[in-house]
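Participant: What follows is the residue order along each chain.
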Amino acid sequence: MDTNFSKEDLAFRDEVRAFLKEAWTEQHAEERQARKTGVEPTINWQRRLYEQGWAAPGWPVEHGGTGWTTTQSFIFETERASAGAPDVAPFGLKMVAPVIYTFGTEEQKQKFLPRILKSEDWWCQGYSETGSGSDLASLKTRATLDGDDYVVNGAKIWTTYAQYADWIFCLVRTDNSGRKQEGITFLLIDMKTPGITVNPIKSIDGQHSLNEVLFDNVRVPVENRIGEQDKGWTYAKALLAHERTAIAGIADSKRNLTEIRQLAKQEHSGGKALMDNPVFQARFTAIEIELMALEYTELRVLASMADGNGPGVESSLLKIKGTELQQLIQALRMDVAGHYCGIIKGDLSTDQIGHDFADEARIDYMYGRASTIYGGSNEVQKNITAKFVLGL
Amino acid sequence: MNFSFSEEQNMLKDSVARFVQEQYDIDTRHAIANSEQGFSTENWALFAELGWLSIPFPEALGGFGGSAVDTMAVMEEMGKGLIIEPFIATVLLFGGVLEQAGSAEQQNSTIGDIIEGKLQGAVAFSERQSRYELADVKTTAQARQGGFVLNGEKTLVLNGVAADKLIVSARTSGEQFDQQGISLFLIDANADGIEKTTIQLMDGQRVANICFKNVSLSQDQLLGSLGDGYQALQTTIDKVMVAVSAEAVGLMQTLNTTTIEYTKTREQFGVAIGSFQALQHRMVDMFMACEQSKSLLYRAVCSMDDDNADPIEVQKNILALKVMVGRAGQLIGAEAIQLHGGMGITDELAVGHYVKRLMMINASFGDADYQQNKFSMLANAE
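If you're matching them up, the sequences are chains A and B in order.
Counting in this note's numbering, the first sequence runs from 142 upward without gaps.
Counting in this note's numbering, the second sequence runs from 10 upward without gaps.
Think of the hints as simulated: they come from the structure by calculation, not from any bench.
As the structure is a prediction and not an experimental result, all values here were calculated from the model.
Glycine is no exception: its CB is placed at the ideal position from the N, C-alpha and C atoms.
A hint or two may mislead.
Covered, in the sense of this in silico footprint (three residues per stretch, anywhere, with C-beta under 8 Å from a C-beta of chain B), are these stretches of chain A [claimed, not checked]:
(1) 337 to 350
(2) 412 to 420
(3) 470 to 481
(4) 492 to 498
(5) 503 to 511
Make the full structure from the sequences, and use the hints.
Facilitator: Take a look at the structure:
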């Protein structure tokens, strides 16, 4: 047992730091600060990563992956977060791409992977339906084979950034006769296909990232099917574990907590730093200790993956704890904003308001409520853990 | 020992509940919150007509002479309806400080108008740097030619946009954090030298940052005696903390009821999700958090209405209540959204709006961490 970085690891860390220092320019920082709507800032950052060859660390090298060791990936994530640079949007690079390179045909790999790698296509995820949330396998959107096309009818919901998407990867029902997990097919659908309507859903943070996507006789060529018909659940399940591991967001939580410590030292109440309020301090350190543990839980999972296992059911643990801590950290930041925590900045300047991060803290806190719901709700993760880990 | 409402209190409660049921559904509330004014003047006139605006004021000033229990009864129902009209700002805060510190003349010229619904007021006590510290006052009122000159800025003033008159805390002597040396002034909101910036809060309220540049004040605009404003402000805010806690209990009850109903109808895995024990236990936790809050609420109002109560005990009851309401509100709010799943994240559903109001109550007049620290110091001093 040894968790020290080797000389090569330290050299790699320096390389990452040097890159981030140059590439994560003031402009990127400003873009993020200004919370420009749309996905352009994310795309620009992903393209910069692509130029460096670092857009898709987890991919096989032949498709553009970095071939990093587990430790190197960990170092990159930590440095990336600590520099304040955003994670890549997961839908293309982290979600659909692994399905395509694992289960797709050679043609599909050629067609989709390079464009995902270069951030030329924006993807969204068509899984949840109004009646199928935690019980995802009960989904009803239908695809019927008609010649060389599937004809898709139904509706998907909670589709993040569908309004910007070029493609959507969908789970659709192709057979009703057996178990509900059987009879599901994995389709890649061009968002420009006639019959697709995207309706916005305003969320409690006051923003528009969520959508409802309607399919009315949408024709999808059979060549856009992943793997076999009716076997989509298997492919999706393999992907869900990756998704959950990514949702934990531990490196970002670490960075956010460090930032909050600084803010709470600067923030004063009655002449005393907020960080010196014993009640606040106790809450802060309890979170810090949990996060120290979770960082090593993640490392243990990553090390096990490097040995050729999983990510298996441990990804549920990462998802539950990771999102719980994210929410606790978001709440801390709201409390540091104090009497300002409810302001909606709108068109006002920071100076007019009299506070610089309260608006962002509010948006993050409110939207952050979703993290324990999406990617398989934390309740479902606990069911999975009880069944497959505890054997109950 | 008696925890029941009197017949009169039940009538008061029913009158608010009936208004909410008949005239204040969530869509109406949204439309009002998003209107230019941010609340409905028609509703305000109706509140006056129904006598609600007179509740806390003494009979001698034309009020109902209500107790803390009376205010609680009304606030709890207002919470259930998510009422946005500025009852707290105008009646409880502005009216409260006037009742505490105003001269007979100052009270006569304002309280009657508040009761009749003709006067909107606001108390400007917080500043950019102050957080929840009432004594952290940088705004100054310097004595000049028999009067004062006011300079400084007050932030996030509740009802600061619509207010006709303001009560402003300003330093007339002492250092930044001193309780002594803070004076209160009654000012026309459109006096020369006043500039406002309107800010919307996530619960829909319009508040204002208000700058005062060389605003001239006459001697008779001083409320109470010079340099002694802190106590009147603190006493009023103590009462208001209990009132917003009653509102919070109303919000919690609605969130709990709504969540229980939702889990009875929402089906996953072929059954209502309310049939899952894991979720049932969490709704029991939500229920218990609400009941515990209600208990501290009753504890606080009973001690406030008891003339023989030990003032330190009353203070402890109020602080404990505000801490409990902050923490319970956070738990219930988070669980209500969680158990509504994706729907809980939408702006369309009422749930998120109730949660935001609960969060704003926590962040008003001192949040749970702040008050818990204060409680700890008070309890340890005994």
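Participant: Indicate, hint by hint, whether the structure satisfies it.
Facilitator: Hints and how they fare:
With 5 residues carrying a beta carbon less than 8 Å from a beta carbon of chain B, the region 337 to 350 of chain A meets the three-residue requirement, and the given coverage holds. For the region 412 to 420 of chain A, the stated coverage by chain B holds: 5 residues have a C-beta nearer than 8 Å to a C-beta of that chain, and at least 3 were required. As drawn, the region 470 to 481 of chain A meets chain B at 6 residues by the rule of a beta-carbon pair under 8 Å; at three or more, the given contact holds. Remark: the region 492 to 498 of chain A is confirmed as covered by chain B, as 4 of its residues place a Cβ nearer than 8 Å to a Cβ of that chain, reaching the required three.
Look at the region 503 to 511 of chain A against chain B: 5 of its residues bring a Cβ nearer than 8 Å to a Cβ of that chain, three or more, so the hint holds.
Of the hints listed earlier, there is not a single one the structure fails to meet.
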